[in-house]
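K.L.:
Residues per chain, in single letters:
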Amino acid sequence: MDLDPALQTFYVESREILEEVEDILLRLGQEDEASQKESLNAIFRAAHTIKGSAGLFKLQNIVIFTHVVESLLDQMRESEISIDDDIIALLLKCGDHIGELVTLVQQNNADLPPDLKESGEVLLAQLKQYSGVSVFEVKESIKNNNGKESNQKKSWHISLRFGCNVLREGMDPLSFVRYLETLGEIENIVTLDDALPRLVDFDPESCYLGLEIKFKTQVDKQSIEDAFKFIQEDSTITILSPGSRVSDYLKLIDEMPEENQRLGDVLVQCGSLTAAELAAAWPQPNIKVALNKQDRVRMPVVQETRSMRVDAGKLDEHINLVGELVIASAGAALRAQEMGDTTLNELSSILTRLVEEVRDSALHLRMIQVGPTFNKFQRIVHDMSKDLGKEIEMVISGADTDLDKTVIEKISDPLTHLIRNSVDHGIESPVEREEKNKPRKGKLYLSAYHDSGCVVIEVADDGNGLNRDRILSKAKEKGLVREDQKLMDKDIDNLIFEPGFSTADKVTNISGRGVGMDVVKRNIEELRGTIELDSRPGEGSTFRIRLPLTLAIIDGFLVNVENSSFVIPLEMVHECVELNGVNCKIDTDRNYVNLRGEILPFIRLRALFSTGGVAPKRENVVIVNYAGVKAGLVVDNLMGEFQTVIKPLGEIFSHVPGLGGSSILGNGEVALILDVPGLVNRVSSMENFSIQSAV
Amino acid sequence: MISFEEQGQLCCAQIEGDLTIYTAAELKSDFERLISDQRDMELSLANVSEIDSSGIQWLMLAQRERNRQNLSFRIIDHSSEVLQIFKDLDLSSYFKEPVILDQEKGE
Chain A
0 MDLDPALQTF YVESREILEE VEDILLRLGQ EDEASQKESL NAIFRAAHTI
50 KGSAGLFKLQ NIVIFTHVVE SLLDQMRESE ISIDDDIIAL LLKCGDHIGE
100 LVTLVQQNNA DLPPDLKESG EVLLAQLKQY SGVSVFEVKE SIKNNNGKES
150 NQKKSWHISL RFGCNVLREG MDPLSFVRYL ETLGEIENIV TLDDALPRLV
200 DFDPESCYLG LEIKFKTQVD KQSIEDAFKF IQEDSTITIL SPGSRVSDYL
250 KLIDEMPEEN QRLGDVLVQC GSLTAAELAA AWPQPNIKVA LNKQDRVRMP
300 VVQETRSMRV DAGKLDEHIN LVGELVIASA GAALRAQEMG DTTLNELSSI
350 LTRLVEEVRD SALHLRMIQV GPTFNKFQRI VHDMSKDLGK EIEMVISGAD
400 TDLDKTVIEK ISDPLTHLIR NSVDHGIESP VEREEKNKPR KGKLYLSAYH
450 DSGCVVIEVA DDGNGLNRDR ILSKAKEKGL VREDQKLMDK DIDNLIFEPG
500 FSTADKVTNI SGRGVGMDVV KRNIEELRGT IELDSRPGEG STFRIRLPLT
550 LAIIDGFLVN VENSSFVIPL EMVHECVELN GVNCKIDTDR NYVNLRGEIL
600 PFIRLRALFS TGGVAPKREN VVIVNYAGVK AGLVVDNLMG EFQTVIKPLG
650 EIFSHVPGLG GSSILGNGEV ALILDVPGLV NRVSSMENFS IQSAV
Chain B
0 MISFEEQGQL CCAQIEGDLT IYTAAELKSD FERLISDQRD MELSLANVSE
50 IDSSGIQWLM LAQRERNRQN LSFRIIDHSS EVLQIFKDLD LSSYFKEPVI
100 LDQEKGE
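Chains A and B, in that order, give the protein sequences. Every letter in the first sequence is one number past the one before it in numbering that gives the first Met the number 0, and letter 3, counting from 1, is 2. Every letter in the second sequence is one number past the one before it in numbering that gives the first Met the number 0, and letter 100, counting from 1, is 99.
By construction, these hints were calculated from the structure, which means they are not laboratory data. Just so it is clear, the structure is predicted and the values come from calculations on it, not from any experiment. Be a bit skeptical, because a hint or two may be false.
Between beta-carbon pairs, the in silico distance windows are [claimed, not checked]:
| id | chain 1 | residue 1 | chain 2 | residue 2 | range |
| --- | --- | --- | --- | --- | --- |
| 1 | A | Val199 | B | Ile75 | 20 to 30 Å |
| 2 | B | Asn66 | A | Glu323 | 15 to 25 Å |
| 3 | B | Ser48 | A | Asp233 | 25 to 35 Å |
| 4 | B | Asp39 | A | Val199 | 17 to 27 Å |
| 5 | A | Glu232 | B | Asp39 | 40 to 50 Å |
We treat Cβ as the ideally placed atom computed from N, Cα and C, and that holds for glycine.
Pulled out of the complex, with its shape left as it was, chain A reads as follows (with noise of 0.2 Å):
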């Protein structure tokens, strides 16, 4: 039987549940003794899970794992082991190695490496010293649950009506009846074919068997249950423990789509319900549980599903074709205006809205919230704090932000990058903080939120700010700044940015370990976002991270300039003004332009991009906005709004500064997008460049 898609849904969901384990686990120790429990029990039913599907797929290294740490587990559920923050420490460890063994097992690695091994013989012993269960006893209960007779047996009746889509998806009914036989012994067991549909219906790949079992085993009914799992979402099951009454039973009759009549049969067939029992429950045909029957046969159930898996790559063939859909409209729009049918020219406006609200949902699709990721950094602090004895809260806000998946993924290595930093370098130690009156518990925060089309991501810390003398004297030293260079303090905070660049005065375990600053600057810029940092001298810093909603698809401003296109981001276009009009005027020999009483830096992009030609009499001015500062662009023709899929630019080009992409125009031609954070940063790096020249 081919087990791989079930086995790639244990895969995530067992990644699921470890992470949501681990949350728990860092909340376990502050809590009352009320949640407490509760918490605990929803560790030891994840536990359960993991070591149910573990042993439906056979994983025995995963089973008997985490069989020891559910005992240890049970235990401290019955309060005979009391919390504490060592055991906290053990259990997330141990979460951890479940998810090692569980990544082990994806990359088809039959076999445990040593240091893995090893990691685990040392966390069984540790758990033994709690819980006095060792592997070797374990080793003997899973066995003894394999194996022969035991007085402890009960019957149990489980009816099974598996969904049409079971086999297709490479699940085998057979094989959970054969899983069932590891579990215990199936007494009786019936097969029924009501579903399956006349010959001309029939589709061989869909499934329309129902199963009724009466199953004695000395399993829980979480471990029945767990075995279907992984259909139980489209199949129907009931489990009846034993001892059930009658009426369960009759309730189950009523509940599935068989005659009532024949389906009461098979339960006595199955030897589930004596014929006795059954005829006392009907003592005549009863008709108002037929008639109920078949006015619920006529509303069709309505099953409610919140949220489905899909996978990533469909989702971004999607957004792919959205895109190029987006072009193809674009392209569609533009002819009907050449053709100057109103007609056509409305349906083309109809279709061009359409358009834009199917790219607002493909977009919504790849947006997710960024708490997952937060809840992640809760664990990187608290194990941290712990190895360097600092006591630092994490404060987490605008947790349902929804930022693009791609982005998510690429930002949490540069997050936990600053977040490390933050605590290693930023917070003080407890004793420093109090002779500084300050609380002992140091704050972290992390927050996100939206901002004019973008996704802002703080980091910030109440420590002890940026160091900038050290900063200066290493920048000194290292070249990086003349001996005689005045700076400001903003551009003194922004040198550790520079490559090559760490102030770290001893090589700690946590930081400083050869990636520095520049490397997540690089990364956030990858992204097309941007870094900034504020430093206030012992109260503590902030980084700012900002980053584009999406990666796929802008809504853009169209400009010309001789024969080439450019697009701006829309969202950063502030103004457009004729260049020399009444509003703004232009000073050649300070490069600036004047608008209305502001001055503003200026870029010409015919000469920016050697563009030739000689510039028209009326020239444009776009006014660009990026993180508060503004510039101007130099166009020659302003043609308007213009949606567009961002294609990226090839290898030879991404270097090429001030071009951000480019994008297929309606007519086939190419646009180029320009880069304007790039631009931006470098007319006013341009501006400070002489302003200091000229000091």
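Fit chain B to the supplied structure of chain A, relying on the hints for placement.
P.N.:
Coordinates of chain B only, in the frame set by chain A:
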């Protein structure tokens, strides 16, 4: 695939190869013929190398549809794997012919 061999009023069918979800759709026309054939039908499973629930479904459908038309249907020469499945799902009585538990007969 299924081969058919006519012996007067009796039709001897034989399944070759797998009877699984991977072949279930391919076998549709063969089973249609098997179900609608008006002669007495004997289906040999001796050469079935692999069988799963989708195969069982085909066999159950064939049995039921032929019962409906009052046509005879007999499964013979169960391979050991088929026997195991019939046992697992307790299907021997469904295919009413008594299963002959002599495995060598299958060869």
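K.L.:
Run every hint past the structure and note whether it holds.
P.N.:
Evaluated hints:
A C-beta distance of roughly 27 Å is found between valine 199/A and isoleucine 75/B, which places it inside the suggested range of 20 to 30 Å. At roughly 55 Å, the beta carbons of asparagine 66/B and glutamate 323/A sit outside the given window of 15 to 25 Å. Distance hint check: the CB atoms of serine 48/B and aspartate 233/A are about 30 Å apart, consistent with the given range 25 to 35 Å. A C-beta distance of roughly 23 Å is found between aspartate 39/B and valine 199/A, which places it inside the suggested range of 17 to 27 Å.
Take glutamate 232/A and aspartate 39/B: their Cβ atoms lie about 44 Å apart, and the range 40 to 50 Å holds.
Comparing the model with each earlier hint shows a violation of hint 2 alone; every other hint is respected.
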